[in-house]
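Chains S and F, in that order, give the protein sequences.
In this text, residue positions in the first sequence follow the numbering used here: the first is 1, and each later residue adds one.
In this text, residue positions in the second sequence follow the numbering used here: the first is 114, and each later residue adds one.
Any given hint might turn out to be false.
Stated by the list, open to error - Just a few of them, taken from the derived set where beta-carbon distance is under 10 Å, the chain F residues facing chain S:
#, residue
1, Gly156
2, Leu157
3, Ala204
4, Gly220
Just so you know, the hints here were simulated from the structure itself, not pulled from any lab data.
Note that the structure is a prediction, hence the values are computed from the model and not measured.
Quick reminder that beta carbons are idealized off the backbone N, C-alpha and C, glycines included.
Take a look at the letters that make up each chain.
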Amino acid sequence: DAGVIQSPRHEVTEMGQEVTLRCKPISGHNSLFWYRQTMMRGLELLIYFNNNVPIDDSGMPEDRFSAKMPNASFSTLKIQPSEPRDSAVYFCASSSRRLETQYFGPGTRLLVL
Amino acid sequence: GNSVTQMEGPVTLSEEAFLTINCTYTATGYPSLFWYVQYPGEGLQLLLKATKADDKGSNKGFEATYRKETTSFHLEKGSVQVSDSAVYFCALSAPTGGTSYGKLTFGQGTILTVHP
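Isolated chain S, as found in the complex (with noise of 0.2 Å):
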């Protein structure tokens, strides 16, 4: 199995700019989590789905932020306009019901200057 897989693995824009984050969660599993990692805020969840449907998005900063869950296989986590202070690292995790446990991608470190 390949994992989770997320893209880019880097990214490098600046204010203001679209940043659009891509992950593909493992085949079967129907849940999948949005985090964000920095140094003051530690692992934070942004927003998770189940079977495709948004569950809880209360950690979501802001209306900047928005993520889809088109089909089972795909989301993205966009950014815009994107400002400084959402330079971190953006981390996708996915599980299936039956197992609970969380896989992490590799994750995208993000700059924005």
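Chain F: place on chain S using the hints.
Chain F alone, transformed into the frame defined by chain S:
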């Protein structure tokens, strides 16, 4: 609500020393408990888990026992190696049946550095 409190870091040890990282939790019902490890530049990986009281999770020489009476899940290893240097996260999973099923609540992470 659910919460996880981990021992403050960073923790610095010499190779072959004994490791303990404390973790306590607050939760309703009967959560599952996890330890995840994050190596530099990588995502989190499951290290071990326990799903009910008195269960012991173990992997790669690490162990943790689910103690319901003390609401704890302390991580231990008898002899650490330089390659164990990483960040360790304690986490719990919300009880089965709720709408938040599958959501993990993480501790703040503990940085471990092992010197030769």
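Comparing the hints with the structure gives:
Among the interface hints, the one on Gly156/F holds; its C-beta lies about 4 Å from the nearest C-beta in chain S, closer than the 10 Å criterion. The interface hint given for Leu157/F holds, since its Cβ lies 5 Å from the closest Cβ of chain S, which is under the 10 Å cut-off. Against a cut-off of 10 Å between C-beta atoms, the interface hint on Ala204/F holds, since the closest Cβ of chain S lies about 9 Å away. The beta carbon of Gly220/F is positioned within 10 Å of a beta carbon in chain S (closest approach about 9 Å), and the interface hint is therefore held.
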